[in-house]
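Undergrad: The lines below spell out each chain.
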Amino acid sequence: MLKQIEGSRAVAEAIALCRPQVICAYPITPQTHIVEGLGEMVKAGEIANCEYINVESEFAALSVAIGASAAGVRTYTATSSQGLLYMAEAVYNAAGLGLPIVMTIGNRAIGAPINIWNDHSDSMALRDAGWIQLYAETNQEALDLHIQAFRLAEELSCPVMVCMDGFILTHAYDRVDIPSQKAVDAFLPRYEPRQILDPSNPVSIGAMVGPEAFTEVRYLSHHKQLRALGLIPRLASAFKQEFGRDSGGLVRPYRTEDAETIVVALGSVNGTIQEVVDSMRERGSRIGSVSICSFRPFPLAALREVLQRAKRVVVLEKCLAVGLGGIVSDGVRKSLSGIVLNGYTVIAGLGGRAITRGSLTRLFEDAERDELEQVTFLDLNAELVSYELERESRERRTGPTAEAILRRLGTVASRIG
Amino acid sequence: MFQIRIHGRGGQGVVTGAEMLSIAAFLEGHYAQAFPSFGSERMGAPVMAFCRIDDKEIRLREPVLSPDALIIQDPTLLHQVDLFNGVPARGYILINSARSFDELGLGGFVRGVQHYRLWTLPATELAVKHVGRAVPNVPLLGAFAAVSGLITLGSVVAAIRQKFPTLIAEKNIGAATEAFEAASKLRETINA
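Top line first, the protein sequences correspond to chains G and C. Just so we're aligned, residue 1 is where the first sequence starts under my numbering, counting upward by one. Just so we're aligned, residue 1 is where the second sequence starts under my numbering, counting upward by one.
Where hints are given, some of them may not hold.
[As the list claims (entries may be wrong)] Simulated DEER-style distance windows between Cβ atoms: (1) G:Arg245 - C:Leu65: 26 to 36 Å; (2) G:Ala402 - C:Arg42: 13 to 23 Å; (3) G:Arg234 - C:Gly149: 45 to 55 Å; (4) C:Gly154 - G:Gly399: 55 to 65 Å; (5) G:Ile405 - C:Gly112: 28 to 38 Å; (6) G:Asp246 - C:Glu28: 18 to 28 Å.
[What the hints assert, rightly or not] Derived pair list, reagent style DSSO-like, types lysine-lysine, alpha-carbon separation capped at 27 Å: (7) C:Lys163 - G:Lys3; (8) G:Lys240 - G:Lys3; (9) G:Lys224 - G:Lys240; (10) C:Lys56 - C:Lys163; (11) C:Lys171 - C:Lys185; (12) C:Lys129 - C:Lys163; (13) G:Lys3 - G:Lys43; (14) G:Lys3 - C:Lys56; (15) G:Lys240 - C:Lys56; (16) G:Lys182 - G:Lys3; (17) C:Lys171 - G:Lys3; (18) G:Lys43 - C:Lys129; (19) C:Lys171 - C:Lys129; (20) G:Lys182 - G:Lys43; (21) G:Lys240 - G:Lys182.
If you're looking for bench data, these hints aren't it; they were derived computationally from the structure. Predicted model only: the values in this text are computed from it and were never measured. We treat Cβ as the ideally placed atom computed from N, Cα and C, and that holds for glycine.
Can you build the whole structure from these sequences, using the hints too?
TA: Pasting the structure below:
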């Protein structure tokens, strides 16, 4: 059924259709509307046999989810930013124990400086915790990925994060197609746990493992993700068969067939990139783009297939690996092992900075002329940075950086975009 | 694609206004996208929200930099925010005020914009009269429907019903309808 609703509401409705049995959550912007929506639905009796558990922190939220999942029920939670960091230990545990929890990340920057707006610093910080990570391009895809995520998680017995851009998607009203309960039931079978805490058939979960077997347990986690590389595209095509639309998969190329320049990105910025690709193509550029949907497992082969004939690759990242540059770029370069081309990393959209068509067009035109640095910060205010660096070279007690920068910048309320 | 930017202050229903506009457009079979640009979420702080309407899927996610229509819920923002930034000559500007652009001292700011696209409406007064609260978003939507002809009053009414519980919805519908009629009358005068 077509609806014009907020992205968070769309995800809440998708989760309800997946028949979760335990939802536990702690509110944090910009994810809050999702779990608020689910709380209302559970209270109104709209989700059968589901317990909504209010907890005292994000650490508790995921710990309760681990307990519930180990007891054999379909379990869901959601978080953002510092909330994800606060539950970090439990994030590793859920994956290490192989519990098929699904968690939404409403992507948001990490402080300090404190910032509530969107980038990918939060989910990227936990990219190697053993969870599968899927990134949604649109609210329709966010909704669809959650339905696929439960099936993926449960077939592999591995937790899945569905990452959606905070505010840009979570707070956007868009047209979405909410599937019927019947269609979701046909796609997503009843949860059959591989392991279950059952008093009538007792087992222990969470043994201590020493050097004699730790590598083997870890290897099996890796192996599970490698299997996901095959399963994710199969689920996307099964999903298309049931629901009639493309959602998910490993990567989604856009006009890359004859492209000399290919832009790689994750999440909602791909829409704006595709608009720029179209208008540059009208002017004769041979440019295309590719959206990485599955970041963990990282689709080395699928990406190589898309990128191998390009002359240059621009990786646009909403997260900064301080002291290195880009995180996604590392994977992209690994996928191109042995292939000679120009590779550029662009850090963009940090802490909610708008990524505009104008800035992207200038950036891609610079790339086409191979006039980009190895690492570029999109729309960096160089004057502001120089001023602060100069001040720091002059004085010893310069005080806190963020406050100094804000003072220099003056009022920002007047700016649009 | 038609792009709308709404300016106001926290507590004036700026974000809800953009959302209702997107629902109204959706109900008429268009694709629509509405999203906020929150500052720190405080009552009274400047807030912006955006809406795009198109006949194909909307992929663009940047803020609305060049609006086809600008709705200003609070004219006192002029001293704080670069409100008219990016408005083209054929853009609509709709301001919540009982006074005209010249009386507001705005004549000089909008010299490039065609004069028959400039509108003011006492939306706060209408909201207080019908809803009992100084929330000008709904009357401005009613007026926008009349001024732009982009959406019908019927769709605005349906969007209001989706967004509010019955009792509050009916009061808002009263405000939207009076604003729509006032703006329609003014439009006829201008066209005549």
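Undergrad: Are the hints correct? Go through all of them and say.
TA: Here's how the hints hold up against the structure:
For Arg245 (chain G) and Leu65 (chain C), the hinted distance range of 26 to 36 Å is satisfied, since their beta carbons lie about 30 Å from each other. Under the hint 13 to 23 Å, the C-beta atoms of Ala402 (chain G) and Arg42 (chain C), about 19 Å apart, fit the expected range. The hinted window of 45 to 55 Å between Arg234 (chain G) and Gly149 (chain C) holds, with their beta carbons roughly 49 Å apart. Distance hint for Gly154 (chain C) and Gly399 (chain G): a CB-CB separation of about 58 Å, consistent with the stated range 55 to 65 Å.
Between Ile405 (chain G) and Gly112 (chain C) the beta carbon distance is about 34 Å. The supplied range of 28 to 38 Å therefore holds. About 27 Å separates the C-beta atoms of Asp246 (chain G) and Glu28 (chain C), a value consistent with the hinted range of 18 to 28 Å. The hinted pair formed by Lys163 (chain C) and Lys3 (chain G) meets the criterion: a straight-line CA distance of about 13 Å does not exceed 27 Å. Taking the CA atoms of Lys240 (chain G) and Lys3 (chain G), the gap is about 20 Å. The hint holds against a cut of 27 Å.
About 24 Å separates the Cα atoms of Lys224 (chain G) and Lys240 (chain G), which keeps this hinted pair within 27 Å; it holds. With a C-alpha separation of about 24 Å, the suggested pairing of Lys56 (chain C) with Lys163 (chain C) holds against the 27 Å cut-off. Proximity of Lys171 (chain C) to Lys185 (chain C) is assessed by CA-CA distance (about 22 Å); at most 27 Å being required, the pair is judged to hold. For a cut-off of 27 Å, the pair hint linking Lys129 (chain C) to Lys163 (chain C) stands: about 20 Å separates their Cα positions.
Between Lys3 (chain G) and Lys43 (chain G), the direct Cα distance comes to roughly 22 Å. Compliance with the 27 Å bound is thereby established for this hinted pair. The hinted pair formed by Lys3 (chain G) and Lys56 (chain C) meets the criterion: a straight-line CA distance of about 16 Å does not exceed 27 Å. A hinted pair counts as satisfied when its Cα atoms are at most 27 Å apart, and Lys240 (chain G) with Lys56 (chain C) qualifies at roughly 21 Å. With a C-alpha separation of about 18 Å, the suggested pair Lys182 (chain G) and Lys3 (chain G) falls inside the 27 Å cut-off, and the hint holds.
Simply put, Lys171 (chain C) and Lys3 (chain G) have alpha-carbon atoms about 25 Å apart, close enough for the 27 Å limit, and the pair holds. With a CA separation close to 36 Å, the supplied pair Lys43 (chain G) and Lys129 (chain C) exceeds the 27 Å bound. This hinted pair checks out: Lys171 (chain C) and Lys129 (chain C) have alpha carbons roughly 9 Å apart, not beyond 27 Å. Between Lys182 (chain G) and Lys43 (chain G) the alpha-carbon distance is near 23 Å, which keeps this suggested pair within the 27 Å criterion.
Distance restraint check for Lys240 (chain G) and Lys182 (chain G): the Cα-Cα separation of roughly 15 Å lies within the 27 Å cut-off, and the hinted pair is therefore satisfied.
Violated hint: 18 only; the structure is consistent with all others.
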